[in-house]
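**Q** Heads up: the protein sequence lines correspond to chains A and B, in order. My numbering puts the first residue of the first sequence at 400, with every later residue one more than the last. My numbering puts the first residue of the second sequence at 434, with every later residue one more than the last.
Some hints could be false.
A short, non-exhaustive set of chain A residues, derived as facing chain B with CB atoms under 8 Å [claimed, not checked]: (1) A406; (2) L460; (3) A461; (4) I520; (5) A528; (6) Y574.
In case anyone wonders, no lab produced these hints; they're calculated from the structure. Quick reminder that beta carbons are idealized off the backbone N, C-alpha and C, glycines included.
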Amino acid sequence: MKSRDLAYVALFAAIVAVLGLIPPVPVPGLPVPITAQTLGVMLAGSVLGAKRGGLALLVFLALVAMGAPLLSGGRGGLSVFAGPTAGYLYSWPIAAFVIGLLTQLFWRRFNLAWALVANMIGGILVIYAIGIPFTSLFGDVPLWASFTGSLTFIPGDLVKAVVASLVAVAVRRAYPVIELPTRRATAS
Amino acid sequence: MLSLYVPGHSVVHRAPAGVKLGLLAALGVGLFLTERPAVVGGALVVALAVGLGAARLPWRALAAQVRPVWLWLAVLFVFHLLVTDLRTGTVAVLRLLALLVAAAVVTATTRVTALVAVVEWLASPLRVFGVRPARIGLVIAMTLRFIPLVAERAARIREAQAARGADRLRWGMAVPLLVQVLRMAATVGEALDARGADDAPARRPRRRPAVAS
């Protein structure tokens, strides 16, 4: 990995942190607020691609684990990785990786529709597929209960997927960061 | 600045970061192997004793890290009262509290630099794949530098758009902002190469050089 790639990784880790500064939207009756940080997860994957996007989120989580209060609401430290909603945190690097993988797959014909597909599969499906079972396991809550509890976040997540897709398509046009292997690039 | 560390000189502060993290990981696994309220409650008492007694942490430092999940714990407890029973609910809540307090103690008594060293040490087996642990420290340092920088650029673009009459926060500002900071990151990468932090491996890797670092 080149130094430039390391800088991109650090940059998106920082962007996820800055998105945490945007005040979270509290949902009545739910202890977990809607935050802008998963928007950063989607952007990392769809701008940087699989490997760098996933690494950016790993670096972000490493900083949180080291005690930087970077999660929205100023949370941080090792305790957030033990909480009942920690599964959502663990899912972020995987989600960014999956979004990046799909984005690279669609890169040639990448447009708003493909970006939405990538962001909804990686940024919503993957995150819930990891977060929901984790909550039920950690809190001894049946799966259905933690599933219905998280449905409240779906509208917010859809909005974030649309925003991330619009931005990703525009950034691809202005400053594409993902490069496909030259072997395939020369073939086209 | 950007840390939850509480300075001190206690035994807990001076204990090696690797040992503290290892104990915390063991606790995380161990607490899920038992269903006995006495054991789980005992773990919480020990964690509190280590934090408040041995490490002399202020009560507020621990409370601040547990506060965000209070409501969740209450919901969890009520849920168990309704669906299972008092005993299961008590164990589930005490278990999470014990883990949260223990993790908060480790965070509050360990310097970020010591934790970076542990991360680099943990990553050292990855040398086989061409990863150089020192570069992990570099990325973390860069991230800490980029956070205020990105925030400042975002504020500047918002001002520029306000000056042209855009009165509220629009997502359209995300694109110029991203392009700007991506260019900046590329420049930082070039600067690093110019100062000798380039991709040349320190020693010959077994396969391809630097898969990820």
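**Q** With reference to the structure, classify each hint as holding or not holding.
**A** Hints versus structure:
1. A406: 4 Å, holds
2. L460: Hint on L460 of chain A: violated, closest Cβ of chain B at ~11 Å, above 8 Å.
3. A461: The hint holds - A461 of chain A has a Cβ within 8 Å of chain B, the shortest such distance being about 6 Å.
4. I520: Result: violated, 22 Å to nearest chain B Cβ.
5. A528: 21 Å, violated
6. Y574: Nearest chain B Cβ about 5 Å off; hint holds.
The structure is inconsistent with the numbered hints 2, 4, 5, although it conforms to all the rest.
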